[in-house]
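Colleague: The residues making up each chain are set out below.
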Amino acid sequence: MKTQVYIDLSRLCLTPFTSGIQRVAKEIVLRLLQNDSLSITLLSVLPSNQAWRVLPQDAFTAFYTEKQGSPYGTGKPIILTPNDIPSGAVFFDIDSAWNMPMHRGWLFPILKAHGVTIVTQLYDLIPITEPQFFHEQTLRQFISWTTAILQFADQIICNAEATKAALHTLCRQLNYTAPPCAVVPLGADFAKKSAELEKTDTELLEKLPKYGYILMVGTIEPRKNHQLLLDAVPALSKRGIKVVFAGRIGWNMEQFAKAMDKHPKKGTDFFFAQGPSDATIQALYKNALAVAFPTKNEGFGLPIVEAYLNGTPVLASDIPVLREVGGDMAGYFDNTSVDSLVEAVDNLRSDMKAYEKKRTEIAAYRPRTWDDTANDMANVLAASGNPIGTMPEDCRISQMVVLTARNEDLLRSLPYYDYCMPFIQRLLVCCPERNVRELQEKWQGRIQLDFFTDEQLLEGDSLPEDHVRRNFFLRSKLMKKAPLDDVFIMTDDDYRPLMPITQEFFLKDRRCQAYYFYDLTEWKGTQSAYTSFDLGMFRMRDFLVKHRLPTLQYSSHQPQVIVRKYFLEMMEEFPDLISIGPDEWNIYFNWCIAKHTTDFSTQRYCCIGWPGAISDWQLWCQPRSLIFENFYESLYEKGHIFEGLSTTFCADTFTMESAEKIARWSRELEKQTAYSASWNTYREMYRDVHGKSPEFLLTRQENGVLLDIPELLYVPAGAVMHLPVLADADLRNADTPILYEVTDDRQHCVIQEKTLLLPNVDAGVTPELILAMPPYAFRGILTIHYGELTCNCAISCLE
Amino acid sequence: MKSYIDQELACALYRLAEQRMQAADRSMPCSEEVYLLLTTATPGIVSYRDMQHLSNPDFLEASYLLLLNRPLDEPARQVWEQNYDLPKEAFHAAVLKTIIQSGEYQHIRTSVTECPLQLCDEEQKNMLVASQALPERLVRLYQSMPRPLQKLAKKIAGKE
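Each protein sequence line maps, in turn, to chains S and C.
544 is the number that the numbering used here gives to position 544 of the first sequence; each next residue is one higher, with no gaps.
101 is the number that the numbering used here gives to position 101 of the second sequence; each next residue is one higher, with no gaps.
With the rest of the complex left out, here is chain S (with noise of 0.2 Å):
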């Protein structure tokens, strides 16, 4: 099975010409689409700094190799959030990811969240070790990209060993533990560019003796130390050697511009070719004596390469980098000392059969090749992904585990267990001891039940009054107490298979499959009244932020697949939890996808009948199917979604009826897009005028409150509206809550005076004002009371 790699190449997309870092992504990138190991798909960011869109790999070659069209292609362009990198895939920064609008210190957590690999090359820390020759912004964004990498990273590719140290070293003087680090040294066997149609600057290169002159490629920026050739032009100028530099004025170097333009020696000794043609770079470096790099500090040392396959000897700063790169074959000298610079021009020339003899040997010199780097890259890679995981191979899940106090309820589940998954061979039911008897007399199914009672569980603990604390309370106990198999799959009394499935729903390609349908971070629980499920997931928030665990939820109301090893080993890592009291599902799988990556794969869930009213919230996410029922037998009442079905198993009508629930339930989904995408243009709107979203907020002023609301409110007919309402935190007390009503433009009473407690237990969460649009249209107003201040905001209601 391939590993999956997604790599974005944002900058590369976007800079006209590849030179530096994008020349490096691009060579290696289009390698690694012709490697077998590896299926690849390529990114570029979206305007909303939050998505990408996916770059076509035929169009992305035919771009990058042959000039032809663009890498976007032409089709109907597929997009991509972080949230639908699968779990064991491989995300591979290889671009200069700093420069990137979508921080990876937001990106990176969400990948980790479900299971994602994240391997980032390093080209070097110079920004941070010698921050001066940078410019303010890479600066910035290259401090913030380094945490993120440090904090994050599973795997850091270097492109050489002295980058690998450097690493250890800043990571050292942080006192903080270095991600794991492979070295792939960069290739070099760049194609030749043809400048056979090119003009040469024959003017400068007539006044260049063959061996006579010092040449210096590349960009004018500080930390190549131009200035200290510069400064060695009189010494050299003695001995007869000229200076050349060839390339183009970069940031911050207008001084250094100037001092050129009026140096003395200048037209003579000291040449500036600006901007010269590939022709006339390949000229000079033909006849220079050497290529000297003063360079402070480099990444790689690519030019060094550059003047070898050109055959010409270099003189470099003896950094270890440089030394890495340039080997036995460059003379070397100290970046600081003109003298030292000097001197090793002249160690160059004192024998000029030597000279002759490194010339020859440079000549036969060949590059490691693009080939070869992105190989050992791919390597890396391959190693890095997981896209199978490591539960054993033959596991059989055959035991379904469920803790009831309800006969009735599971007695209306069991059928559908029964006929839906054929793999489950026994239910071990965790009940009170009064319910076992009844339990075994009136059902007569495949499954077998297996108990276990409260009574054995508890051994005479008490159980804790508050429902979600109860709950993990009870499932620790069963972890370690109860028959339980290695891996079995946790039920509610009220879940039920809408249709047959297989042992794969749960473990697929050897990973257990982790079903979620909300971020806890965004969780804001029932307005005014929490709940204790709402308190519980509060705490569960808090609790993972705080061990920097994700914090995607679990509790999706349908079975999951436990492994209980793992539960127990969470538990002997927590030991306190118990007193915690958490939600379950959340504080299992999320600890799991952390420590037990390769094992779990993160899914969006597969229910109808959570929440048990589309409306009930906003959906964070959509299902990616729908393979399960929460069932809530209200639905089934007059004038509810499930009106006219059945609640209980029939044979014969069950396809039938599974079939219209999931109908009737897709629809309703499909109106929560649309009125998702009306309230969204409604948004783009109002911010166009406003400057800002349209948001209510109370907040404290120098004055006194303010209760800052939209002047107008477009909402769709028939949706029910979650509208944030920001408020600081030392308005947030029970004793005065905002009111709210609609009122038509016929004065009619359209939703008639609701509250909203701005509860003052959990200020993480943002309180909402719920509108629950009439089906049809309308216009009137929307008026709000805090204490004595009122407004009023215009509505309209669109069919």
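Keep in mind that the hints were calculated from the coordinates and are not lab data.
Computed from a predicted structure; not experimentally measured.
Among the clues, some could well be false.
To be verified - Cut-off 30 Å, straight-line C-alpha distance, at most; resulting in silico cross-link-like pairs (DSSO-like, lysine-lysine):
1. C:Lys151 with S:Lys76
2. C:Lys151 with S:Lys671
3. S:Lys76 with C:Lys154
To be verified - In silico contact screen, one side only, chain S against chain C (beta carbon under 7 Å); selected entries:
4. Asn49
5. Ala51
6. Ser693
Idealized CB from N, CA, C, for every residue including glycine.
Let chain S serve as the given structure and place chain C on it in line with the hints.
Modeller: Showing chain C alone in chain S's frame:
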């Protein structure tokens, strides 16, 4: 603000770079507070609440970086420097209004949230309410238009 970034690590890196800048007689391009704000920002969304505590110079710097995705340019800095002693709220509103009404910002999809400041003129503010008088079919048509067409429609209607 929702952020998983290890702020201690982020600050340690900043300080390390700062020491080296000082050794080279240079200063960091932004304060530690602004840098932290950038490091923990959500792409495309700028929360005023996260920025309102900043000093006026820092607020200016952060606004350019977060809303325009670029550092403050020198001519702009010189203009704003003369207003550093304005009360925070007035300064913040002026900076945000200027940026948001600039042509440069119109091509950027970043949204300001959690902001009680008035960022548009009274005339503009009433435009949306006035649009309520339009037949709903026209409004729906406007809503379904791509952004450039919406702008054109506004121009034709004399609203821009």
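Colleague: None of the hints should be skipped; say for each whether it holds.
Modeller: Right, here's what the structure says about each hint:
Between C:Lys151 and S:Lys76, the direct Cα distance comes to roughly 24 Å. Compliance with the 30 Å bound is thereby established for this hinted pair. With a C-alpha separation of about 28 Å, the suggested pair C:Lys151 and S:Lys671 falls inside the 30 Å cut-off, and the hint holds. With a C-alpha separation of about 28 Å, the suggested pair S:Lys76 and C:Lys154 falls inside the 30 Å cut-off, and the hint holds. For S:Asn49, the shortest C-beta to C-beta distance to chain C is roughly 4 Å, which falls under 7 Å, so the interface hint holds.
Taken as an interface hint, S:Ala51 does not check out: its beta carbon lies about 10 Å from the nearest beta carbon of chain C, beyond 7 Å. For S:Ser693, the suggested interface contact is upheld, since its CB lies about 5 Å from the closest CB of chain C, less than 7 Å.
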